[in-house]
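So the protein lines, in turn, are chains A and B.
Residue numbering for the first sequence follows the working numbering, starting at 1 and increasing by one per position.
Residue numbering for the second sequence follows the working numbering, starting at 1 and increasing by one per position.
Treat the hints as calculated values from the structure; they're not laboratory data.
Where hints are given, some of them may not hold.
Computed list of lysine-lysine pairs in DSS-like fashion (alpha-carbon distance at most 30 Å, straight line) [stated by the list, open to error]:
hint : chain 1 : residue 1 : chain 2 : residue 2
1    : B       : 80        : A       : 39
2    : A       : 39        : A       : 87
3    : A       : 87        : B       : 80
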Amino acid sequence: MLDNLLAFLILAGAAFTFIGSLGLARLRDFYTRLHGPTKATTLGVGSLLVASAIHFSTRGEGISLHEVLVTLFLFITAPVSAHLLAKAALHLRLASLAPAPEEEAPARQGDASPEER
Amino acid sequence: MLSVVIPIAFTLVALAVALNFWRLLVGPSLPDRILALDTLYVNTIALLVLLGIHLGSALYFEAALLIALMGFVGTVALCKYLLRGDIIE
Numbered sequence: 001m002l003d004n005l006l007a008f009l010i011l012a013g014a015a016f017t018f019i020g021s022l023g024l025a026r027l028r029d030f031y032t033r034l035h036g037p038t039k040a041t042t043l044g045v046g047s048l049l050v051a052s053a054i055h056f057s058t059r060g061e062g063i064s065l066h067e068v069l070v071t072l073f074l075f076i077t078a079p080v081s082a083h084l085l086a087k088a089a090l091h092l093r094l095a096s097l098a099p100a101p102e103e104e105a106p107a108r109q110g111d112a113s114p115e116e117r
Numbered sequence: 001m002l003s004v005v006i007p008i009a010f011t012l013v014a015l016a017v018a019l020n021f022w023r024l025l026v027g028p029s030l031p032d033r034i035l036a037l038d039t040l041y042v043n044t045i046a047l048l049v050l051l052g053i054h055l056g057s058a059l060y061f062e063a064a065l066l067i068a069l070m071g072f073v074g075t076v077a078l079c080k081y082l083l084r085g086d087i088i089e
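Looking at chain B on its own, in the form it has when it is part of the complex:
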């Protein structure tokens, strides 16, 4: 069952990543691009978790946690830059 489901899930999440890239390239405004980057890192976590289930290895969660931390910091920094014109005042 899992061997059937996991390739489908990989395909769906990869399509989601492709859509995010499209929005990142097209996005008419800066917040659109930041939102696309934000969604990209969340989808990367999904891909890593799927890879962990697929390979049966728990090694990938540290990577997922690091990506979650750094992605959030990056989004907040970009939004602060747009809001205040400066990141650390």
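So that you can see chain A by itself, here it is in the shape it has in the complex:
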């Protein structure tokens, strides 16, 4: 039972890690490429770390807490680095698949028209 759970977690983790890198290699612009590593890879590595925690906690040497530390750190830092990377890409004005937004947002009703400003 426990062996099957471990095998499932390890396979799922490795598969998600691979899918994340596949997204990094195959998608077509930087902003879509950002999705693969930041979501799929984080989930994959988290799953592998949970499998490792279960494996080392059930060997009869007490609960193993190293993995929890690594998992927490990864789950906190992955969004931060993704945010910084997106900011850097926007700063460098990388080409995007999405159409660029209008230069001036259309004035809502009740707002001052652009000519009056």
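Position chain B relative to chain A; hints supplied.
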């Protein structure tokens, strides 16, 4: 069961590392290369954890934790350099 699954997992993560290297070499822009490096260190943590399970040794978690810390600092430093032209202002 584990002895069957672990080699498959090693193969998948190694393929992921190879794809990251490809993006690191090809990547048309600098953020692409930084993203490839970022993914490389996360995948290295995955490889280390798998090696720890495979060898039954808890020694590798310190290495994984160090790689996580240093990788994050490196990514943030490179992004700050791209954003501000300077790392520590």
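Cross-check of the supplied hints:
For the proposed pair residue 80(B) and residue 39(A), the alpha carbon gap of about 22 Å is at most 30 Å, so the pair holds. Straight-line distance between C-alpha atoms of residue 39(A) and residue 87(A) comes to about 17 Å, which keeps the hinted pair within the 30 Å bound. A hinted pair counts as satisfied when its Cα atoms are at most 30 Å apart, and residue 87(A) with residue 80(B) qualifies at roughly 10 Å.
Every hint from the earlier list agrees with this structure, and none is contradicted.
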